[in-house]
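Chains as they are written, first to last, in the working numbering: chain A, 304 to 423; chain B, 62 to 613.
Hints listed in this document are in silico derivations from the structure and should not be mistaken for laboratory results.
Beta carbons: idealized from backbone N, C-alpha and C, even for Gly.
Incorrect hints may appear among the rest.
[Claimed, not checked] Here are some of the chain B residues that sit facing chain A, going by a computed Cβ distance under 7 Å:
#1 311
#2 315
#3 374
#4 375
#5 377
#6 378
#7 380
[What the hints assert, rightly or not] Calculated from the model, a selection of chain B residues having no Cβ within reach of chain A, i.e. all distances over 10 Å:
#8 103
#9 120
#10 185
#11 251
#12 296
#13 307
#14 388
#15 406
#16 481
#17 519
Chain residues, written in single-letter form:
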Amino acid sequence: MAEQQHTNAHHHGDRHTHISRGTYYRVFVALMVLMVLTVAAWWVEKNLLHIPGWLAVTIAMSIAIAKTVLIVLYFMHVKISSRMTQVYAAGAFVWLIILFVITMGDYVARGWPPQPGPLP
Amino acid sequence: MSTISLPQSSYIRDNSRTFIDWLKSWLLTVDHKRIAILYLLSINFFFLLGGLAATLVRVELITPQGDLMSSDVYNRAFTLHGVIMVFFFLIPSIPAVLGNFLVPLMIGARDLAFPRLNLLSWYLYMIGGIFALIAAVFGGVDTGWTFYTPFTSTYSNSNVVMSITGVFIMGFSSILTGLNFIATIHKMRAPGLTWFRLPLFIWANYATSIIQILATPVLGIALLLVIVERVWGVGIYDPALGGDPLLFQHLFWFYSHPAVYIMILPAMGVISELISTFSRKRIFGYEFIAFSSIAIAILGFLVWGHHMFVSSQSVYAGLIFSFITMLVAIPSAIKVFNWTATLYKGSISYRTPMLYALGFIGLFVIGGLTGIFLGVTAVDLHVTDTYFVVAHFHYVMVGGTIMAYLGGIHFWWPKMTGRMYNEIWGSIAALIIFVGFNMTFFPQFILGYLGMPRRYHVYPPEFQILHVMSTAGASILAIGFIVPLIYLAISLRKGAIAGDNPWGATGLEWKTSSPPPTFNFDKTPIVTEEAYAYPPEAAERDAASWRPGSPL
Ligand code: HEM
Ligand SMILES: [Cu+2]
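Hey, can you work out the whole structure from these sequences and the hints?
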């Protein structure tokens, strides 16, 4: 089965290559390591050091982003897809950023000015 | 091809011997044209159902007292109307029916890129619809189509979860359609069909597809979180649980403002085709119309906060949303100006589809301009949540999308069925709809401006006259929607044989037989010219050969 796909992928030509089984396993191991890191970071924060909230969130988010990138690039094949597919995949993230930034803009600016009524 | 009989073989005919075979050949089809017909039937069914709910609402509003139903039933009636019309009619209407039928034909392909996915999208639509219907039958929902929290997530004791599940499932149908169109338009254009030779209907559907795949998942997540909070009590929107009710509005409108462009962009694509064909002219400003679709798709994502001006959103966010809202009007206006310029010195024939197209232009202008009023924070504070808003969005959704949907159905009816509808009845119905529509919704602008709130069934007696006018208009409008059902059905048997190209239109879909064969083209067409390549003198030639009695 895997061999079958292997040869088919080559027939497609242009810039399509394929991801080998070994790579899949390596990515899987990397994901498992990152998962352990997530739990470890939480454990360290809870039991050993007092990490300020913003730093803890930054660490957790960075690990999560690393996992996402691995999944998108390898398991979802974006790394070996056509340029067009990559543009669309990147576009989806740009849109996610639009959603987050503008929504957070509202949250940050709530309560300015503190008194309801005409602006000073 | 002969114009005396229908072609021997076409996508509609098949040689199944038993009824079961025949049923299977439709329900398991992967032919984009047959799926379009499945969508046509199911979407029109939901349209009639939504219309029934609207009738209940309008009848209740004839008198200032609430005498036909209780406020609770009234809430369920307008919610049923809104949910069905928005999610099960307007969103899928043009892309799933006309787009499904036409995208492959217009680009010279045999089918969509993923035919099975296309069939799956119809099934998802039906399953979603069944959930919504079950919710309605077992008591309905009283939240309004916007499902605002914390009412939906905490207080409402109607069938929220069931309805939301229906909308959630239907969302995937919409995503799959968008995905299919994007892949098809990128990969399956006929040789020579470059991007700037594409019909504008294709550009419009491409822009729509972008919105469908980028916005719909956010709606899905927002609704799923309502269920999560309602069922498991996880604090997301409810302040008592540490959530924020406004988060729902952000997520919901991040989808639902772009969603109004899912409704209007394909409609604009239809109008570009109609205006050009029935003026016998190359469309004016092709590139501007094409890029304005993309601009609308992108800018449409940046304005959602104009639905939240009074929601305790930060005033600074409101200010910025208001400003960007003004920008969206630019590409919309570009289109209107270009259509008008196309009409200039064209040889205009007032066939039924053109009547709808001209109706669209006028009504969309009113709808769009009142949108600008609403986008100005100072004005919106005054008229938000009144009938002014109701009138605004009906002018764009009925006056825009439904006009284009009907215009498109009439225009491509000969291609879909091989037969012509009755032109006289067609024009009469178009005029009835135009009159009925304006009589229904224009009074609502005045009502709203005078302070009539939306979603109330009891109102001060001084508003009665305008409400009665509106209900009277709605009855005319209803007649206008029923007449086409009758003459279109009759045309299936009795209509004149249309021939390949009854309108003398350009475009690949007119180069194959009517109805087209299963794989659309006998051999792959090769495109050597731009879209709408009417020779410059076509308009003059048409005008010169016009004789009294020939079609207007
Ligand atoms: C020129 C472009 C447009 C502008 C500037 C605009 C602006 C607005 C604004 C500011 C509101 C919020 C009013 C309020 O709740 O107080 C609104 C509501 C609405 N608009 Fe538009 N609009 C435009 C085009 C459209 C189109 C093309 C459609 C649909 C095809 C549409 C559908 C709606 C709907 C459904 C609502 C009401 C949502 C609800 O609260 O239930 N609009 N529009
Ligand atoms: Cu909006």
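Exercise. Can the hint on residue 375/B be confirmed by a CB-to-CB distance to chain A that is less than 7 Å?
Worked result: holds (4 Å)
Exercise. How about residue 311/B: closest beta carbon in chain A under 7 Å, or not?
Worked result: holds (5 Å)
Exercise. Taking 10 Å as the cut and beta carbons as the points, is residue 519/B off the interface with chain A?
Worked result: Given a closest Cβ separation of 31 Å, the condition holds.
Exercise. Residue 251/B clear of chain A by more than 10 Å, beta carbon to beta carbon?
Worked result: Per Cβ check, residue 251/B is outside 10 Å of chain A; nearest 19 Å; holds.
Problem set entry | residue 377/B as chain A interface residue, shortest Cβ-Cβ below 7 Å | holds (4 Å)
For this session: Grab the minimum beta-carbon distance between residue 120/B and chain A and tell me whether it stays above 10 Å.
Result: The assertion about residue 120/B holds, with a minimum of 40 Å to chain A.
For this session: Say whether it holds or is violated: residue 388/B keeps its Cβ farther than 10 Å from all Cβ of chain A.
Result: Label holds. Min Cβ-Cβ 14 Å, cutoff 10 Å.
Problem set entry | Assertion that residue 296/B lies farther than 10 Å from chain A (Cβ) | holds (16 Å)
Exercise. Any CB of chain A closer than 7 Å to the CB of residue 374/B?
Worked result: holds (5 Å)
Problem set entry | Nearest-CB test (10 Å) between chain A and residue 481/B | holds (41 Å)
Problem set entry | Satisfaction of the residue 378/B interface hint, Cβ to chain A closer than 7 Å | holds (4 Å)
For this session: Over 10 Å to the closest beta carbon of chain A is the bar; see if residue 103/B clears it.
Result: Fine: 30 Å to the nearest Cβ keeps residue 103/B off the interface.
Comparing the model with each numbered hint stated earlier shows that hints 7, 13 do not hold.
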